[in-house]
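Chemist: Based on the hints, put chain B in the right spot on chain A.
Chains A and B, in that order, are what the protein sequence lines are. With our numbering, letter number 78 in the first sequence gets 71, and the count goes up by one each step, no holes. Start counting at 1 in the second sequence, then tack on 12, and there's your number in our numbering.
Just so you know, these hints were derived from the structure itself, not from any lab. All figures in this text were calculated on a predicted structure; none of them were measured in a lab. Possibly wrong hints are sitting among the right ones.
Some chain A residues well away from chain B (every beta-carbon gap over 10 angstroms; in silico) [to be verified]: (1) 3; (2) 5; (3) 62; (4) 170.
Below, in silico cross-link-like pairs of lysine-lysine (DSS-like), each with a Cα-Cα straight-line distance of 30 angstroms or less [claimed, not checked]: (5) 93/B x 20/B; (6) 83/A x 141/B; (7) 260/B x 93/B; (8) 124/B x 141/B; (9) 92/B x 201/B; (10) 232/B x 124/B; (11) 93/B x 124/B; (12) 199/B x 93/B; (13) 100/B x 141/B; (14) 141/B x 120/B; (15) 120/B x 83/A; (16) 37/B x 83/A; (17) 27/B x 260/B; (18) 84/A x 78/B; (19) 92/B x 27/B; (20) 100/B x 83/A; (21) 37/B x 84/A; (22) 23/B x 85/B.
Beta-carbon label-pair distances, calculated as ranges [as the list claims (entries may be wrong)]: (23) 40/B x 156/A: 28 to 36 angstroms; (24) 120/B x 220/A: 54 to 62 angstroms; (25) 120/B x 112/A: 46 to 54 angstroms; (26) 90/A x 40/B: 24 to 32 angstroms; (27) 111/A x 33/B: 49 to 57 angstroms; (28) 146/B x 100/A: 31 to 39 angstroms; (29) 156/A x 246/B: 43 to 51 angstroms; (30) 156/A x 187/B: 50 to 58 angstroms; (31) 246/A x 187/B: 28 to 36 angstroms; (32) 117/A x 39/B: 55 to 63 angstroms; (33) 112/A x 149/B: 27 to 35 angstroms; (34) 70/A x 246/B: 54 to 62 angstroms.
Each residue gets a CB set at the ideal place from its N, CA and C atoms; glycine is no exception.
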Amino acid sequence: MERRKLKDICLTCISLIALVVLWVIVSNSKPDFFPTPQATWERFLKMAETPISKTTIIGHILISLKRVLTALVLAVASGIGIGLIMGWSKKMNAVLGPILTALRPIPPIAWIPLVILWFGVGEFSKVLLVFIGAFFPVVLNTATGVSMVDPMYLNVGRVYNANTFQMLCHVVMPAALPAIMAGVKIALSSGWMVVVAAEMIASKSGLGFLITRGNESYDVALVLCGMILIGLVGAILSAVFTLMERWLCPWMEKKNG
Amino acid sequence: MSVDGKEKRVKLTLKNISKSFYARKEIFEAVNNISIDVYENEFLVILGPGQCGKSVLLNIISGLEKPTAGEVKFPSNDEKKVGFVFQKTAVFPWKTVMQNVEFSQELKGVNKARRREQAQYLIELVGLKGFENSYPRQLSGGMKQRVGIARAYCSDPDILLMDEPFGALDAQTRYQMEEEVLRIWEKEKRTVIFVTNNIEEAVYLGDRIILLSECPASVKEIYTLEALQRPRDYVDTEFLRMRETIEKNMDLAL
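Bound-form chain A, shown alone (with noise of 0.2 angstroms):
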């Protein structure tokens, strides 16, 4: 089991390092469309000590991060409570249900033009922007939870007389909660694309503005930090979350493990 291990982490190694090698050379034939791997490192370092737009590196994550979270928490609170009410009444199902599949293939970044026209172009505009890229998922994964909880669960909450509130807690919501959570990392990383759109068209600040500051200036070294960043802080939010969603569900199987 202990060689095995070792062995995956051997082979992560070699990818990551194939990964930088690639980067190396294909930069090193035209590093001024594409900067090496030394010269972006050198961009990071300087970015970490002069702040861009009188904001620091970790300013932007943390403003980038700050938009994400509000949004979230807000889209959980509401997916999870209209879900609810969607997947156990077939009445507010029919009521809400085709408004719901009409707007969610519209991608969030349609929405762009009449948010700024509605709301202008400050924190709240991004924060909603956000909210429309996590709430769809949370809704549809809460609802189809739902009503898809094994009635055999739901006889067993009945056999013994439980009210409403006593069902929902007890039997509905963990019964629901794989899929709830589910659509809740769907929302987190749908939201994390959503606010760096966002930063790009209409900021001042977070990791989207660097990018959008990195092209202005063709500063393209720039550029790549900012995307690097991204990916980075979106591969570290996922990982929290898978943490979170063990310590959620302690009774689910354990993957890979």
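Modeler: Okay, now just chain B, sitting in the frame of chain A:
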């Protein structure tokens, strides 16, 4: 019916119970005019071929479904107090063994110390001491059904309903669980209504066996097994004779 000159107390009466469903624009009759008296603390087995409406009958007794005609009467007290052991394993995967067992008491709002004490007793009774904090995925099929039995007992039921509880178990575990359910019943006497499609299981467990016909289910025959001493022996001549009698009389399931 009388034993030792004492009249048996009727615990539950089913009176002319019928049940039909609408399925694909057709009326499907599941239960047809069943009347049964169930006595206090007896182990009553309802035996019938697969899909014959046995489970529907149990659901009607528990109140999960309403009969199309007829009524379920609890003569002793009006409040129905039933415990239900479900087919397969309806233990909640998201609750630990302890939380599963105390479920009904938690719903009733019994304080934690009291319901834990009661649940602990039952967990030990069904032989799961040491597994209180395990999740069902860590348990075998037989152990899960032990949790189901403890959970049903914990609601302090007058009547325990068991719906083919051992149907999903392998043969070895099944024999073991049949023995267990009798041991638990001897220790904590309750009125038990046990549904099965397995003749051997029925003869091993029952004080009485109600044999149902194929769909729509009606009472075909009632066998009283008080002559068979407990613990029963699967290869005892009387046991085998009873088994054969029932087998000849039982409808085949499609």
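Chemist: To test your reading of the hints: which numbers does this structure violate?
Modeler: 4, 6, 7, 10, 28, 30, 33
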